[in-house]
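The listed protein sequences correspond, in order, to chains H and D.
Heads up, the first sequence is in our numbering, so the first residue is 1291 and it goes up one at a time.
Heads up, the second sequence is in our numbering, so the first residue is 37 and it goes up one at a time.
Because the hints were derived from the structure by calculation, they are not lab data.
Some hints could be false.
Unchecked claim - Keeping only pairs whose Cα atoms sit at most 27 Å apart, straight-line, the calculated DSS-like set for lysine-lysine is:
id	chain 1	residue 1	chain 2	residue 2
1	H	Lys1452	H	Lys1439
2	H	Lys1313	H	Lys1452
3	D	Lys120	H	Lys1424
4	H	Lys1313	D	Lys120
5	H	Lys1313	H	Lys1329
6	H	Lys1424	H	Lys1452
7	D	Lys120	H	Lys1439
8	H	Lys1329	H	Lys1424
9	D	Lys77	D	Lys108
10	H	Lys1424	H	Lys1313
11	D	Lys267	D	Lys77
12	D	Lys108	D	Lys267
13	H	Lys1313	D	Lys108
14	D	Lys77	H	Lys1329
15	H	Lys1439	H	Lys1313
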Amino acid sequence: MLPQPPNRLLEGSRLSASIVEMKVIIAKPGLDGHDRGAKVIARALRDGGHEVVYTGLRKTPAEIVRATMDEDAAALGLSTLSGAHDVLIPAICQGLLDEGLSGILVFAGGIIPASDRSALHDLGIRAIFGPGTKTSEILDFLNEVSSRKDSGEPVGVGESSKWRWE
Amino acid sequence: MAMGVNEEQILRSALQGSRRDLSRLLSLIESGHEITIPSQKSWTLGVTGPPGVGKSSLIGNFVNYWSSRGDKVAVLAVDPSSPKSGGALLGDRMRMTSADSGDSVFVRSLATRNHPGGLSAYISIMIDCLAACGWDRIVIETVGSGQSDYRIAAFADRILLVDGPDRGDIVQAEKAGIIELADIIAVNKSDMEGSEQAAEAIRSSLSMDENPPTVHLVCSHDGSGVDAMMKDIENCIYEARCRLRARERLISAWDFRLLRHPELNRVLDLLETGSITVEEAVKSLSKSEE
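Construct the entire structure; sequences and hints are all you get.
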């Protein structure tokens, strides 16, 4: 039996309150040229029913914040393997706050040493996915995020909740 | 269904210049909220053509050209939704924006969400909102299903057809369709072999027309041919394709209405189980409108 397609295929409008699928930006900040992981994630999210905007390589924090705003994305995933995460990710988080985007969910992936993760979580990064993460885990994470949002918990980068994905 | 208070606030804020609220306004429109705005005077260009020919890259060229001359350019880039998952990979914007883009460029990616024709009637409302918010040039990039992309005529005053070097045998070019609809035609990737032949094939298939559009040979990477094409776009006295435009607008509005019909799911259930025929389904939906 075929799985039921999501509502939006049967009806033109999305007026129903609980929508699991989100618009997600997958971004590659800085000079890191490794994009295979980001593309794999982007495709997996699409197969999970999300609308994914992939920014392409070598984007500045300002460009990533701008894309998040213009696309009215609900979530932003940052992929970094070049070691610049401790400079670029805080810059992006600050940029989001400056533009009034504190409600955006931000997560990260790539090569981010365990010792650096706590600082990122403190900035509001709700999940950090290392190499070998199953794509299904990221989909589960986004589902969890949706449920929390639906029940009113603030999971944005600038919001008060201390929740993080383990 | 009238516009709600929340929608009104967001609309007003967007009209006053809030980029954040313009973005939110577009989302409201996309998700079916009623946004009332009077029809605006706008400058629109539809870009269509097969996948992979470089539409997005060329749009990147236009964006640079116009924004360097002080125009504010908005792009609505449409990509297909997966019929299975409902999701979409929206990859056009990455070819268009560069570090210099800044405030005078606004790119919004849209998924077709399996609307018939690939473009939903809400695009028309989005165009009106963008124009009302001061965006001088609005470009709509379609999915590029190639020969059947007439729907763009419902929304764009000017149509640019982009093609590429691999597609230029004369048979392809002569198939009636979007090639006859285009105001300007560009063959991209002029640095690749086969592009000159493709351009020639298109020119010869149009040579019987009274006023055939110029076929430009361009290369979005190095910019060659782009300036000439831009001038052609700007000087375009587009034909008043009144009848076709009216037809496409009507069909688009009709589809829009059908997909919002309150009885749609019930009728689909009956149709799916074979309890009613397609003709009965159509009749049922038309009747309950009265």
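The hints, checked one at a time:
1. For the proposed pair Lys1452 of chain H and Lys1439 of chain H, the alpha carbon gap of about 14 Å is at most 27 Å, so the pair holds.
2. The hinted pair formed by Lys1313 of chain H and Lys1452 of chain H meets the criterion: a straight-line CA distance of about 23 Å does not exceed 27 Å.
3. Pair hint Lys120 of chain D plus Lys1424 of chain H holds up; C-alpha atoms about 21 Å apart against a cutoff of 27 Å.
4. For the hint linking Lys1313 of chain H to Lys120 of chain D, the alpha-carbon distance of about 17 Å falls within 27 Å, and the restraint holds.
5. As the CA atoms of Lys1313 of chain H and Lys1329 of chain H are separated by approximately 16 Å, the hinted pair is consistent with the 27 Å bound.
6. Of the pairs offered as hints, the one joining Lys1424 of chain H and Lys1452 of chain H holds, with about 24 Å between alpha carbons and a cut-off of 27 Å not exceeded.
7. Using a Cα cut-off of 27 Å, the hinted pair Lys120 of chain D and Lys1439 of chain H holds, with the two alpha carbons roughly 26 Å apart.
8. The hinted pair formed by Lys1329 of chain H and Lys1424 of chain H meets the criterion: a straight-line CA distance of about 14 Å does not exceed 27 Å.
9. Under the criterion of a C-alpha separation no larger than 27 Å, the hint pairing Lys77 of chain D with Lys108 of chain D is consistent with the structure, at around 15 Å.
10. With a C-alpha separation of about 20 Å, the suggested pairing of Lys1424 of chain H with Lys1313 of chain H holds against the 27 Å cut-off.
11. Distance check on the hinted pair: Lys267 of chain D and Lys77 of chain D sit about 21 Å apart at the alpha-carbon level, within 27 Å; holds.
12. For the proposed pair Lys108 of chain D and Lys267 of chain D, the alpha carbon gap of about 17 Å is at most 27 Å, so the pair holds.
13. Of the supplied pair hints, the one linking Lys1313 of chain H and Lys108 of chain D holds, its CA atoms being roughly 25 Å apart against a limit of 27 Å.
14. Proximity of Lys77 of chain D to Lys1329 of chain H is assessed by CA-CA distance (about 39 Å); at most 27 Å being required, the pair is judged violated.
15. At roughly 14 Å between alpha-carbon atoms, Lys1439 of chain H and Lys1313 of chain H fall within 27 Å of each other, so this suggested pair holds.
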